[in-house]
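Enquirer: Those protein sequence lines, which keep their order, are chains A and B. In this text, residue positions in the first sequence follow my numbering: the first is 1, and each later residue adds one. In this text, residue positions in the second sequence follow my numbering: the first is 79, and each later residue adds one.
These are computed hints drawn from the structure, not numbers from a lab. Idealized CB from N, CA, C, for every residue including glycine. Any given hint could be a false lead.
With the Cβ distance kept under 8 Å, some of the chain B side facing chain A (calculated, not the full set) [claimed, not checked]: (1) Phe-187; (2) Glu-265; (3) Glu-268; (4) Ile-270.
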Amino acid sequence: MSIVVHLDVMLAKRKMRSRELAEHIGITEQNISLLKSGKVRGVRFDTLSRICEVLQCQPADLLEYVPDDESSQASVQR
Amino acid sequence: MQAMPTEKTPLLLAPTPMDRIRRIANLMRGMVVIGGTVFVASTLFLWFSHQWVEIVAMRDVGVDAASISLTPAAQWVSALAALVPLSVGVFGMFQVWKLFGDYAQGQIFTSQASTRLRRLAWSLIVCAAAQVLARTATSLALTFNNPPGKKMLIVNISSTDYTFVLFGVLLLGIAWVMVEATRLAQENAEFI
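For reference, chain B alone in the conformation it holds in the complex (with noise of 0.2 Å):
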C-alpha cells in the first residue's frame, strides 16, 4: 500500500523546462551584475597603478617598459582609450541582463528578446573593434613623450579579438533565427 502524501512529505513535482530557464535566468543576471562590477572597477583601477600599466604595456599592447614615458596626462588618454571598449562590454552586459530578465518572465519568443539578442552579437564585434583601437591609442599615448624616432603606434589583434568576432557573428545567425523562430510562435500562437 502506498503512503500518502502529507504536511510532513510533499509531493515532489519534476521541474519543468519554465523552471529550468527561469534558474538560468537568475543566475545569468547575477554573474551579468557582478561580473559587470568587478570588470568595470578593475579597469578603472588597473590605468592608475604605475605598475599595472607597465604589464598591461608588455602584456596587451606589446610595448617593453623601458620604451614607455608614463605621465599623467599618457594615464589618462589610455584610461580614456580603455572605456571606449568597457562602454561597448557594458552595453553588451545590460542587453544579456535584460535579456535574461525577459526569458525568466517566460518572454523567450518576441522581437525584443531578438532585438537584445542583435544588439549583444553587434556589442561583441564593435568591442573586439574598439580593442584593437584602444591598445593602438595607447600605445601612441604610453609612448608620446619619448624623443623623435622612439614613438610606436602599434596595431595589435590578438586571438581575443578574433573570438569576440566569432561570437558576435555566431549569436547575430542565432538572433536571425529566432527572429524566424518568433514568427512561428506567433503564427502558432493563433491556432486554437
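Okay, chain A solo, but in the shape it has when bound (with noise of 0.2 Å):
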C-alpha cells in the first residue's frame, strides 16, 4: 500500500512556491519538500486542513492511494 502526494501538482496549478505555501501554513519549507517527495511518516489533519484552505483544494487533489502491485507494474514498465 503507498500513498502518493500530488502537492507539487497542485502548487504548480495555483502558481505558489513551497516557501508561500510554507509561510501560510506555519510549517518549514524542508517539511513541504518531505511532504512533496512522500518521505513523512503521517499528516495531521491540522496541517492537510491548513494546505486544503490555503491552495483551495480538496484532501483527494493531494493524495491518492496506489496499491503496491499497480506501483510496481507502473515501475516496470518505466
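Could you use the hints to bring the two separately framed chains together as a complex?
Expert: The following block contains the structure:
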C-alpha cells in the first residue's frame, strides 16, 4: 500500500512556491519538501486542512492511494 | 485606554518551558562544577590531615582512634582507596554536566541524553559499592601495622550506600522510560 502525494501538482496549478505555502501554513519549507517527496510518516489533519484552505482544494486532490501491485507495475513499464 | 508599550516599558513575556529548562540547566551545571571541585579538593585534603583521618576512621570506617596505626603508607593506601569512589563520583558529575548542557541547547529527547542518564545511574550504583570496598580497604590499611590479633577487616554498609543504590536504580528506570520517550518524540517529528 502506498499513498502518493500530489502537492507539487497543486502548487503548480495555483502558481505557488513551496516557501509561500510553508509561510502561509506555518511549517518549515523543509517539511513541505519532505511532504512533496512522500518521505513523511504521516500528515496531521490540521496541516492537511491548512494546505487545502490555502490551495483551495480537497484532500483527494493532494493524496492518492495506489495499491502496491499497480505501483510496481508502473515502475516496471517505465 | 490602554498604554502602549514603549522602549521604557517593554512588553513582558511569560517564560516558556524551554526558558525554565535553560535556567535550571545552567544552575545545575554551576552547582556540579562547584560541588565537584569542593568534593575532590576536600577528599584529597582529608587524607593528609592526621586529625581528619582519625575522625573518618571512627565515623565512616568504624575504627576508634586508639586502634589505628597511622603511618605514611597507611595514609597513602587509604587515600588511593578513597580515590576509587571519588573517580566514579566525578564521572557521574561529568555526565550530569554534559546532560544539562544538552538540555540547555534544547536537546532533551535524544539517545545521547538517555545514554548520559543511564551512565549517571550506573555511576551511583557503582559508587555505593566502591565506597563499601574503600572503607574496607581503609580499615585494613589503618590497622595493618597493629600487632597480630589487632588487625581489622571491617565491612561497613551505611544508609547512604543504600540511598545511592536506590537513586541509581530509580534513575535507571527513568533512563529506560526516556529511551521510549525519545522513540516517540522522533516518531512524532516525522508527522507534519
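Enquirer: Would the hint on Glu-268 of chain B stand, with a C-beta cut-off of 8 Å toward chain A?
Expert: OK, holds: Glu-268 of chain B within 8 Å of chain A, min 4 Å.
Enquirer: Measuring from the C-beta of Glu-265 of chain B to each C-beta in chain A, is the shortest one below 8 Å?
Expert: Hint holds; Glu-265 of chain B Cβ to chain A Cβ min 7 Å, cut 8 Å.
Enquirer: Grab the minimum C-beta distance from Ile-270 of chain B to chain A and call the hint holds if it beats 8 Å, violated otherwise.
Expert: Where the cut-off is 8 Å and the nearest Cβ of chain A is about 5 Å from Ile-270 of chain B, the hint holds.
Enquirer: Taking the least C-beta to C-beta distance, is Phe-187 of chain B closer than 8 Å to chain A?
Expert: Where the cut-off is 8 Å and the nearest Cβ of chain A is about 16 Å from Phe-187 of chain B, the hint is violated.
Checked against the numbered hints above, the structure breaks only hint 1 and satisfies the rest.
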